[in-house]
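Those protein sequence lines, which keep their order, are chains A and B.
My numbering puts the first residue of the first sequence at 243, with every later residue one more than the last.
My numbering puts the first residue of the second sequence at 738, with every later residue one more than the last.
Treat the hints as calculated values from the structure; they're not laboratory data.
Relax, there's no trap hidden among the hints.
Below 25 Å or equal to it, Euclidean Cα-Cα: the simulated SDA-like pairs (lysine to any residue) are: (1) A/K306 <-> A/V261; (2) B/K837 <-> A/T317; (3) A/K283 <-> B/K808; (4) B/K837 <-> A/E345; (5) A/K283 <-> B/Q845.
Only some residues are given here: those of chain A computed to face chain B with a beta carbon under 7 Å: (6) K283; (7) L286; (8) F348; (9) P350; (10) G351.
Note that beta-carbon positions come from the ideal geometry of N, C-alpha and C, so glycine has one too.
Spelled out, the chains give:
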Amino acid sequence: GAVVSQHPSWVICKSGTSVKIECRSLDFQATTMFWYRQFPKQSLMLMATSNEGSKATYEQGVEKDKFLINHASLTLSTLTVTSAHPEDSSFYICSATGGKDYEQYFGPGTRLTVT
Amino acid sequence: GESVGLHLPTLSVQEGDNSIINCAYSNSASDYFIWYKQESGKGPQFIIDIRSNMDKRQGQRVTVLLNKTVKHLSLQIAATQPGDSAVYFCAEDPPGGGNKLTFGTGTQLKVEL
Chain A
243 GAVVSQHPSW
253 VICKSGTSVK
263 IECRSLDFQA
273 TTMFWYRQFP
283 KQSLMLMATS
293 NEGSKATYEQ
303 GVEKDKFLIN
313 HASLTLSTLT
323 VTSAHPEDSS
333 FYICSATGGK
343 DYEQYFGPGT
353 RLTVT
Chain B
738 GESVGLHLPT
748 LSVQEGDNSI
758 INCAYSNSAS
768 DYFIWYKQES
778 GKGPQFIIDI
788 RSNMDKRQGQ
798 RVTVLLNKTV
808 KHLSLQIAAT
818 QPGDSAVYFC
828 AEDPPGGGNK
838 LTFGTGTQLK
848 VEL
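Model the full structure from these sequences, guided by the hints.
Below, the structure is given as structure tokens:
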């Protein structure tokens with residue numbers, strides 16, 4: 243089956259610094275990748291949609307200058323949280339489509355803690 | 738069932754019993770629905786899906802029912818096992834949304850021995 247990985251699985255950073263999260267499709271080419279954020283005991287909230295070679299489309303209320311998304315290849319998308327603050331602490335999950343069907347395959351998530 | 742807000746609904750069942758998890762979706766034009774299982778600290782895992790031209794679909798130990806009249810989706814798990822303990826989310830794929838999924842609020846399933 244289609245496998246999506248994320249790196250790192252968890253990260254702790256200081257307030258004001260930036261952190262990059264990678265999302266990779268390991269055995270298929272992902273034409274579209276999605277980035278979600280999930281706070282404890284809440285649902286997944288879509289942040290942005292990323293298509294290879296083009297600018298990401300952000301959901302309403304998500305700051306594009308704070309959450310930089312790059313989808314430079316068909317197997318890699320990155321999310322950079324710039325000038326992180328404690329309220330950015332969350333579980334960030336990516337998903338990818340583009341395999342034989344259009345099912346979304348989810349990564350294992352990245353736990354970000356900003357101190 | 739699922740509800741709006743920060744409180745995660747919980748369903749507790751005895752091992753071996755059947756579980757029924759409910760979901761109300763929002764867009765009457767949605768034509769594709771998926772149930773996901775999420776274990777603590779992990780990403781969502783696909784369980785089963787259903788298209789709007791169907792009202793029932795069965796998998797291994799799981800059945801999804803779709804009632805378009807009342808915009809209701811349910812997931813039935815037969816002979817619930819401890820390994821089924823997780824949070825379950827329904828998701829809908831509205832038409833023209835470019836595969837963007839809208840997730841429900843989730844239900845915590847706890848299986849008691």
